[in-house]
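Those protein sequence lines, which keep their order, are chains A, B and C.
Here this note's numbering is used: the first residue of the first sequence is 1, the next is one more, and so on.
Here this note's numbering is used: the first residue of the second sequence is 1, the next is one more, and so on.
Here this note's numbering is used: the first residue of the third sequence is 1, the next is one more, and so on.
Hints listed in this document are in silico derivations from the structure and should not be mistaken for laboratory results.
Even for Gly, the Cβ is constructed at its ideal location relative to N, Cα and C.
Keep in mind that the hints are not guaranteed to be accurate.
DSS-like, lysine-lysine: derived pairs with alpha carbons at most 25 Å apart [what the hints assert, rightly or not]:
hint	chain 1	residue 1	chain 2	residue 2
1	B	Lys19	C	Lys124
2	A	Lys395	A	Lys414
3	A	Lys386	A	Lys331
4	A	Lys221	C	Lys85
5	A	Lys486	A	Lys449
6	A	Lys331	A	Lys486
7	C	Lys74	A	Lys221
8	B	Lys109	B	Lys147
9	A	Lys144	A	Lys254
10	A	Lys221	A	Lys144
11	B	Lys83	C	Lys124
12	A	Lys331	A	Lys303
On the chain B side, residues computed to face chain C include the following (Cβ under 7 Å) [stated by the list, open to error]:
hint	residue
13	Cys86
14	Arg89
15	Glu92
16	Met95
17	Leu104
18	Asn105
19	Tyr152
20	Val275
21	Leu278
Covered stretches of chain C, as calculated for chain B (at least 3 residues, CB under 8 Å) [stated by the list, open to error]:
hint	segment
22	8 to 22
23	296 to 302
This is what each chain is made of:
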Amino acid sequence: MIQMKKKKLFVLILAAAAAAFVSACGKAPAGETASAAESGTAAAAETSAAAAPAAQPAEDGLLRAAILYDMSSMDVAKTTDNYMVPLNVFDRLFETRMRDGTAQVEGSLCTDFTVSEDGLRYEFTLRDGVVFSNGSALTASDVKYSFERLLIAANENTDIPLEVAGGEELMNGKAKELTGFEVLDDTHFAVTLKAPNAGFTAELSSPAMSIVDAETMESVKNFGSEPADTIGSGPYVVTEWIANDHYTLEYNDKYWGAEPTVKKVDVRVIPDPGTQNLMFRNGELDMIDLQSLDSSIVESTYKTEYPDRIISAPRVGVTYFALNADNEYLKDLNVRKAIAMAIDADEIITGIYNNNAIPESGIIPTGIWGHNDALERTAYDPEGAKKLLEESGYKDGEIHFEMAVDSAADSNIKLTCQAVSQMLEAVGIRAEIKNYDHSACLDLRLSGKMDSFIARWGMDYNDPANIMYTFFGSPEKTAQRSLNYKDKDVMARVAAASSITDDQAREAEYQALEQKIIGEDAAWVPLFEELHLYCLGDRVSGFTPHWAGFSDFYAADVVLK
Amino acid sequence: MEHNILEIDHLHVVFPSSKGETSPVNDVSLRVPAGKTVGIVGESGCGKSMTARAVMGLIHAPGRITEGEIRLCGRDLRKLSEKEYCSLRGSEVSMIFQEPMTSLNPVMKAGHQVEEVLRLHTDIPESELKQRVIDIFRAVGITEPEKRYNCYPHELSGGLRQRVIIAMAMICRPRLMIADEPTTALDVTVQAQILRLMKDLVSDDTGLLVISHDLGVIAKLCDYVYVMYAGRIVEESDIFTLFDDPQHPYTKGLMDAVGSLRRDAEVLSTIPGVVPSLAHLPAGCSFCLRCENGSDRCEKELPGLIQTGPGHKVRCHLMKEAGQ
Amino acid sequence: MIRNICRRLGESVIVLLGVALMIFVMLRIVPGNPVATMMGEHADLAVIERMTAELGLDQPVYIQFIRYITGALKGDFGTSYSLGKPVSFLMGTAFGNTLKLALFAALFAWALGIACGISAAARKNGLADHLFMGVSLMGVSMPIFMVAMLLQYVFAYHLHWLPISGINDWRGFLLPAVALGWNSAGSISRLVRSTLLDILQEDYIDTARGKGRTQAGVLIFHAFRNALLPVITMMALQFSSLLSGAVITETVFSINGIGRLAVQAIAGRDIPLLEGTALFTTLVVILGNLAADCLYDILDPRIRKEV
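The following block holds chain A by itself, in its conformation from the complex (with noise of 0.2 Å):
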């Protein structure tokens, strides 16, 4: 009997797995006759979906984003490459936001401050009556243990509190506390810089310098994995990480600013782009970031469906054609010149980035304080450049070197790669494009043995020295980060600029660098800003992207309906 209504129970299960089949057999067709016209990878404009209707209602105040990537951790001690939640969680003394369409440098935690003459001594106050979302009162000694924190875990984010008196003995053991850092009460503290920034406080904006409670970080585990531990007097409390599937930030009603309307933010990690498209256009998402998605369905499908609410913004930070010193034939000035001039920035833009850039034609990009706008960029000249390598006795094609491509550039960076490099041909030099993987691409260009490369840098915080100095400060910086540059003059002029307090003096020194690195010794090609364009969903009114364009983004910053 038992054996029986087995085989009785077996037949059944095949016979519903044969409907199973059939049914959805005849849904199929309809299916593939759809993709087919929507040609396979996403979907391509279509009238009817252009609605976006709501898959499910979202609760008041609540904010849906998408990022492709997990974060790394929440600490500023262990990533410099996830800020969502610094940004949202943590206070700054400062805080760089846009505001009437610059990046303006605002006190945050910090009311007033003054800067001695000799631009060495800052005294800032503190804001008063500010706790963290754990109700401990956020004090003078809160901010120093966060600076020397940065510099004891000595992970990430070294840079700044090392320009402090004494952060360098901090740092290598020999001394237990930084000495420039004068705690005078509560709300009161003094800074001793090594020598004079003049941009000392837009760096205290960079989300590296968020300030973290001294006796929560005694007492936790897991800060920065924990959400629990990872405590900040941010708008933002971070309440749920689930690895690479989502974060949740909700508000945190200790906060001593303004009430944000995003209530909560829930970020899902969604690594697929494609996937991200249908999530917004179905309602699942208030907002998406463009720049992860096929150019081609942003211009077919967001221009054309939701041109009013693409939010554009620069990604503040230059896209360069890097070439070695050390080549044979790179160390010549000319051929660099000639290279300079057989680039067409403006078909890269128009062609490859539908004009989502800016041409640059300097180090210090758009958006950043000391860009030159004045800069006269080199001129396309194919003719002068193929004149200039005849001067220099170089036969057509006799020029090569490796172009380096790294396998987790955007597609983007990748064909922007493609088009110089036959740019290049064009004028008889051959640059052959070779394909790395991401991490070795990076140990490549690290160890200043790579020909050349194109990629993109992002600034951290609106001060010309973040890129100045990081590639052209020293010679172990050249020969990381611009393939041994030469010039050990400009080096020390570069180091040297940091320290002008004048604001007009340095702007000066700036410009003249670039003039002297860009259009004298051609070390560098700048090609273009990219645009970072965003776009919102029917539930979102107003965004403002954070300055650098960056893909994490301070939530208040957002206004929903």
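Starting from the known structure of chain A, arrange chains B and C on it as the hints suggest.
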């Protein structure tokens, strides 16, 4: 008066192929009377197994019956639906297949395979099934039937497997059993036991149709014999007449072949030539190409079955109708 | 049989150690600095060097290996560079998701593959045969990402029947499972069909028909049981590949699974995570094969006897 369990009239089985049709069973008529054992003898490929399959309704596609009637206890089997046929197979008519080694499902216990027949055709309660199977195992001479019940086929010897198959065929007491080469694959001692067992299978109201190429088997089991050659019955007779007085040249050849074995003759007697391909049968007598006495007429004209004696028919131009 | 399994488990441990060592060595041969990759483009060489020392990556490989293995034996597989959490924790969560996904996918593939295979074999060259074999050809030849996106577009985006991504409830598993199982279903149905067609030529099929089994009864109770032997092997092997290779499905449907974790580990030169996922995948494949063998033993009495 004795009645027939099985009556086959003018049965034609046709296999279409790319080279045209072949007829492995051509105008075959035969009777299996109640209480009797009837044999079909012939070389392999002569259509004897196909005839049996036709009765079971198990001709493999694309073969099919084109003409003729098959009646089991008076019911015309060709008019049955597939469902009706299924309820008939195993209960009214069953078949003992020729390969005991491969005719049992390797992943099912022997007992379950026999039990299956009961499940399909009877309402015997679940609790009694096993006992029934064990009884029938005992009846067909399976020693330690309880143990064998739980054996898988590969754990059984050839003889035991054949007994299981026989048990399977007889458990529902069918009216007609067909045994297709029941002993061919077994060794000689086992053969004898199985033959003895089969002899006992026939009761007054059942019939047994034995198919074999082995005249010895036929002689031991059958009351009546049909000799088949290339799809046709060439001679039919009761067993004694056939062995005493074979008429058809083919039957004679078969007898000589067996006889030469028996007599330890130095030269084995064989029938010259080969069985003609079914696709290239002559218009006349299909044996004429191998027949010593073949004539033009034999090649062109198909001989009918000629009654040469009481219950003795021969398909040969050389025969004279009895009483003429 | 038990002894056999123990022996094979023993062998598996050696294979696992071998794989661990191979990955360890290979990761140190391939170009690319894991620490530089972890720290990102903006990190300085000095910081990278310091971090390398802190992670013990400046030690000789054999010391690192011994350290790793001793840690692993205690269940400590290190902390992921790219996700900042213990590898064992990350893999635990991811494995849960992948296991569910693979189970759903396998159920789908098995049910569909077997049903289609049987109905195709039941009438060779019939309508069902041509239809199902056509579809299954599509199944085996259609790239998985295409299936995934098609399903997502049609059933989630267009018809709104199922979620586009995420696995908050069982509904979320349906589309990924179908996408993942699609290829398997195709190959299983083809295997079921061809095996059944072979088996239908066997003598015991005639015996079963002779008992009075209907065509369908013969297929299901006699032919199918025998056809299961090769099919089970294939299913078990495929199941382990479903468990370890669901990268694309996991990406398209945003499922935090082992496959995605592994790819993330490779891209980020995340040594602890890479070691962990590789060891895990190896283990799954070994167990899959072992399961196939055991099932085979159970299903085929002939083998059971010999073992």
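Hints versus structure:
1. B:Lys19 x C:Lys124: holds (22 Å)
2. A:Lys395 x A:Lys414: Answer violated: Lys395 (chain A) to Lys414 (chain A) is near 28 Å, above 25 Å.
3. A:Lys386 x A:Lys331: holds (17 Å)
4. A:Lys221 x C:Lys85: The hint holds at about 13 Å.
5. A:Lys486 x A:Lys449: holds (14 Å)
6. A:Lys331 x A:Lys486: holds (10 Å)
7. C:Lys74 x A:Lys221: Given pair Lys74 (chain C), Lys221 (chain A) holds - Cα atoms ~21 Å apart, limit 25 Å.
8. B:Lys109 x B:Lys147: holds (11 Å)
9. A:Lys144 x A:Lys254: holds (22 Å)
10. A:Lys221 x A:Lys144: holds (20 Å)
11. B:Lys83 x C:Lys124: holds (20 Å)
12. A:Lys331 x A:Lys303: Roughly 44 Å separates the two Cα atoms, so the pair is violated.
13. Cys86: Where the cut-off is 7 Å and the nearest Cβ of chain C is about 5 Å from Cys86 (chain B), the hint holds.
14. Arg89: Nearest chain C Cβ about 4 Å off; hint holds.
15. Glu92: Violated - the Cβ of Glu92 (chain B) stays beyond 7 Å from chain C, reaching only about 9 Å at its closest.
16. Met95: holds (5 Å)
17. Leu104: holds (6 Å)
18. Asn105: Given a least distance of 5 Å, the restraint on Asn105 (chain B) holds.
19. Tyr152: It holds, given that the least Cβ distance between Tyr152 (chain B) and chain C is near 4 Å, below 7 Å.
20. Val275: violated (23 Å)
21. Leu278: violated (21 Å)
22. 8 to 22: Not satisfied, violated; 0 residues make the cut.
23. 296 to 302: Answer holds; 4 residues pass the 8 Å Cβ test.
Comparing the model with each numbered hint stated earlier shows that hints 2, 12, 15, 20, 21, 22 do not hold.
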